[in-house]
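Each chain is listed here by its residues.
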Amino acid sequence: MSLFIRKLSQNNVKHVVAKHYESQTLIFSSRKLSIVPSVYDGEKDPAPKFFSKNVQVLLKRLTRPDFAKVFRKRKNTDLPVLRTPIYKFLTNEQLESEIAKANKKADKLLQMPPIVKIQKPITDVLSKDPALVGYDTSKFVFTDITFGVANENRIVVERDPDGTLQSCDHEIRKRLNQVYFPIHGRKIKEPLMFTDTEKFNSLLERQEYEFILDRACIQYEPDEFTYQKVTSITYQHVDINTNYNLLRSTRHFGPMTFYLTWHHNIDNLMLELLQSGTVREAVLLVALRHELQADVTNGDVAQTIVQQILPTPVQLTKPDRLTEEDIQLDNKCVECIEKYIVSNSAMKSQHELALQGFREYYQHLIDLSRGLQKAHGKVSN
Amino acid sequence: MAIYNNTRFLIKRIIIADFRTSLRFYSDQIDNPSEEQPVDPTKDRTKIIPLETSMRYLESKAYKQTYGDNPVWTLYRRNHKGGFPPKKTRRSCVRNGVISTGNPCPICRDEYLVLDHRNTKLLEQFISDYTGQILDAYKTGLCQKKHKELLVAIERAWDQGLLTYDVPFRKYDYSLYNKTANN
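Protein sequence lines correspond, in order, to chains A and B. For reference, each letter of the first sequence is one residue, going 404 to 784 in my numbering. For reference, each letter of the second sequence is one residue, going 29 to 211 in my numbering.
There may be inaccurate statements among the hints.
Computed footprint of chain A on chain B; a stretch qualifies when at least three of its residues, placed anywhere within it, have a C-beta under 8 Å from a C-beta of chain A [said to hold, decoys possible]:
1. 122-130
2. 163-173
3. 197-205
Derived pair list, reagent style SDA-like, types lysine to any residue, alpha-carbon separation capped at 25 Å [what the hints assert, rightly or not]:
4. B:K176 / A:K508
5. A:K478 / B:I155
6. B:K149 / A:F614
7. B:K173 / B:R137
8. A:K735 / A:N495
9. A:K472 / B:K173
10. A:K472 / B:W186
11. A:K447 / A:N495
12. A:K520 / A:K472
13. A:K592 / B:R198
14. A:K476 / B:V195
15. A:K463 / A:P714
16. B:K149 / B:L79
17. A:K463 / B:R198
18. A:K577 / A:N495
19. A:K508 / A:N495
20. B:K199 / A:I575
21. A:K602 / B:L191
Chain A residues, not near chain B, derived (Cβ > 10 Å throughout) [said to hold, decoys possible]:
22. P451
23. T480
24. L485
25. T494
26. Q514
27. P516
28. I525
29. D563
30. K577
31. D599
32. K602
33. D626
34. I643
35. Q718
36. S772
37. K777
Hint data in this document are derived by calculation from the structure and do not stem from the laboratory. Ideal placement from N, C-alpha and C gives every residue a C-beta, glycine not left out.
Could you put together the complete structure from these sequences and hints?
Right under this line is the structure:
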């Protein structure tokens, strides 16, 4: 009898444990799905901020463009024959001009998708002709297909069966624009990967962020609700899983940073920057926050440091040697970040820990480079 | 008169036939060969293989042993006369549920390769590594029927995001969006 009871209890315990696990997994999965998209639909318009020169420069610098990734081999050229690379001997001047060309090309490839306020529905009635009531059972849509007019400015009007002539709404405009002036890669019917949440989530799980965002750019206009919904979910997914490196050196990193800053959510990104030891970019992020939200106490200091940071080359890898100017600049950055953490950070302890880790690492680096200089006989003092 | 003749002829035939069967002393197996000849199980394609099986097969050891790391079509060679293969491959390898050719195409010859949009591991073997385009049947040797199925499956997979590709670049004209700065 006792044995039986023991068995029962064992079974029950198993059952309870199993149930417990189930509830845990349920919570976990629901947490993944519970990303609430937030779009730019408030009172404030993000466009003037986004297009302002300061913000553009900051966002481009935060992208940390690595040319190996920017100019990676793409398979969308539609060339029937692949071109072989050309190897040349160049003089210094030629080389410089080639580098300048490459920079320009990279700048074009890294053009950020614009961030604008969500569009308002178009409802302007041009005329009402009661004489046309019942002329036909379906409505007529008229499109002005004059050459050289941008898709956004094209005249598209519809005549309803009840005789009213009005401008078409965005959806119809988009469809007709696509019919007459097709954008390469856009589908008239929305791809299933955007409409089916299950498929969309599986893409997020596989971390195909760049593909999602690229395709959203092609499929939707930047001021569409669906575009902003899709991108916002993707950005938040990147943010939660700290997969920033997947978006670095792509055109989408800037908009993501802008999105996170706009929605007061930069702590994760800041932590990642501090942990990876790029204090300068952390200062850039503080300056960006000051630019957009103007709630940073030492924002002005950050902005002055930014002016010093911008001429320096992008740090793709950790530096192995430091000059005295570098050390000065980095120390300034560290001080600025310290103040920021005290006054504005929401994850103070973690940020402080990360910064402390950076300080120790940096001290080690300073000692090493000064020792090296001494060993080479170049004593600066 | 004609009807009479015909019926008489028929009756005679029946009677003769009856007569013949009654007089038979040997086995009748050789006489009607059309009746249900057993199909070679390796050539039978009436059985529908579920997709899950196919996906498991692509991960399996047997698959690895058969194809190695190569795409399934690498070792396939088309049979043709002359030095140049015809532009088009054959219409279909399977007729009436049975393989009707001695050299079926890479998909038809292995019944566990199922073309479906979810079977991405198979589909990506038919997409060029260099251009991202779908390989031609001339190159892969697929029969026309399977090639068409392949095109549909890949298009579906692209649409649903099961297969990713390099999306064409879109250049934005900032002046269209930056309205506030201009005014």
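Okay, the hints, checked on the actual structure:
1. Under the rule that three or more residues need a Cβ within less than 8 Å of chain A, the assignment of the region 122-130 of chain B is violated, with 0 such residues.
2. Check result for the region 163-173 of chain B against chain A: violated, 0 residues qualifying (beta carbon to beta carbon below 8 Å, three or more required).
3. Closer than 8 Å: that is the beta-carbon criterion, and the region 197-205 of chain B has 8 residues meeting it against chain A, so the requirement of 3 holds.
4. Between K176 (chain B) and K508 (chain A) the alpha-carbon distance is near 39 Å, which puts this suggested pair outside the 25 Å criterion.
5. As the CA atoms of K478 (chain A) and I155 (chain B) are separated by approximately 11 Å, the hinted pair is consistent with the 25 Å bound.
6. Proposed proximity of K149 (chain B) and F614 (chain A) is supported: the alpha carbons are some 19 Å apart, at most 25 Å.
7. The hinted pair formed by K173 (chain B) and R137 (chain B) meets the criterion: a straight-line CA distance of about 14 Å does not exceed 25 Å.
8. Taken as a hint, the K735 (chain A) and N495 (chain A) pair is broken in the structure, with Cα atoms around 35 Å apart against an allowance of 25 Å.
9. Note on K472 (chain A) and K173 (chain B): the hinted pairing is violated, with a Cα-Cα distance of about 40 Å set against a maximum of 25 Å.
10. Distance restraint check for K472 (chain A) and W186 (chain B): the Cα-Cα separation of roughly 23 Å lies within the 25 Å cut-off, and the hinted pair is therefore satisfied.
11. Of the pairs offered as hints, the one joining K447 (chain A) and N495 (chain A) is violated, with about 49 Å between alpha carbons and a cut-off of 25 Å exceeded.
12. For the given pair, K520 (chain A) sits about 30 Å from K472 (chain A) by alpha-carbon distance, which is inconsistent with the 25 Å threshold.
13. Using a Cα cut-off of 25 Å, the hinted pair K592 (chain A) and R198 (chain B) holds, with the two alpha carbons roughly 19 Å apart.
14. Taking the CA atoms of K476 (chain A) and V195 (chain B), the gap is near 13 Å; set against the 25 Å cutoff, the hint holds.
15. As the CA atoms of K463 (chain A) and P714 (chain A) are separated by approximately 13 Å, the hinted pair is consistent with the 25 Å bound.
16. Proximity of K149 (chain B) to L79 (chain B) is assessed by CA-CA distance (about 12 Å); at most 25 Å being required, the pair is judged to hold.
17. Between K463 (chain A) and R198 (chain B) the alpha-carbon distance is near 18 Å, which keeps this suggested pair within the 25 Å criterion.
18. As the CA atoms of K577 (chain A) and N495 (chain A) are separated by approximately 49 Å, the hinted pair breaks the 25 Å bound.
19. Between K508 (chain A) and N495 (chain A), the direct Cα distance comes to roughly 20 Å. Compliance with the 25 Å bound is thereby established for this hinted pair.
20. Restraint check: the Cα-Cα separation between K199 (chain B) and I575 (chain A) comes to about 23 Å, which is no more than 25 Å; the hinted pair holds.
21. Taking the CA atoms of K602 (chain A) and L191 (chain B), the gap is near 11 Å; set against the 25 Å cutoff, the hint holds.
22. For P451 (chain A), the requirement that its beta carbon stay farther than 10 Å from each beta carbon of chain B is not met, with the minimum near 5 Å.
23. Residue-level check failed: T480 (chain A) sits 8 Å from the nearest beta carbon of chain B, not beyond 10 Å.
24. Its beta-carbon lying about 6 Å from the closest one in chain B, L485 (chain A) breaks the requirement of being farther than 10 Å from that chain.
25. Distance to chain B confirms T494 (chain A) as a non-interface residue, since its nearest Cβ pair spans about 32 Å, more than 10 Å.
26. The Cβ of Q514 (chain A) does not lie farther than 10 Å from every Cβ of chain B; its closest approach is about 6 Å, which violates its non-interface assignment.
27. Taking the minimum C-beta to C-beta distance to chain B, about 6 Å, the non-interface status of P516 (chain A) is violated against the 10 Å cut.
28. The beta carbon of I525 (chain A) is kept farther than 10 Å from every beta carbon of chain B, the shortest such distance being approximately 15 Å.
29. For D563 (chain A), the requirement that its beta carbon stay farther than 10 Å from each beta carbon of chain B is met, with the minimum near 29 Å.
30. With a least CB separation of 14 Å from chain B, K577 (chain A) remains clear of the 10 Å interface cut-off, as annotated.
31. With a minimum CB-CB distance of about 7 Å to chain B, D599 (chain A) fails to clear the 10 Å threshold, and the non-interface call is violated.
32. Not every CB of chain B lies more than 10 Å from the CB of K602 (chain A), the least distance being 5 Å, so the non-interface label is violated.
33. D626 (chain A), annotated as away from the interface, has a beta carbon of chain B within 10 Å; the closest lies near 8 Å.
34. With a minimum CB-CB distance of about 20 Å to chain B, I643 (chain A) clears the 10 Å threshold, and the non-interface call stands.
35. Distance check on Q718 (chain A): its Cβ is at least 27 Å (rounded) from any Cβ of chain B, clearing the 10 Å threshold; non-interface status holds.
36. At roughly 41 Å, the least C-beta separation between S772 (chain A) and chain B is larger than 10 Å, which holds for a residue marked as non-interface.
37. Against chain B, the non-interface label of K777 (chain A) holds: every CB pair exceeds 10 Å, the least being about 51 Å.
When each numbered hint is compared with the structure, violations occur for hints 1, 2, 4, 8, 9, 11, 12, 18, 22, 23, 24, 26, 27, 31, 32, 33.
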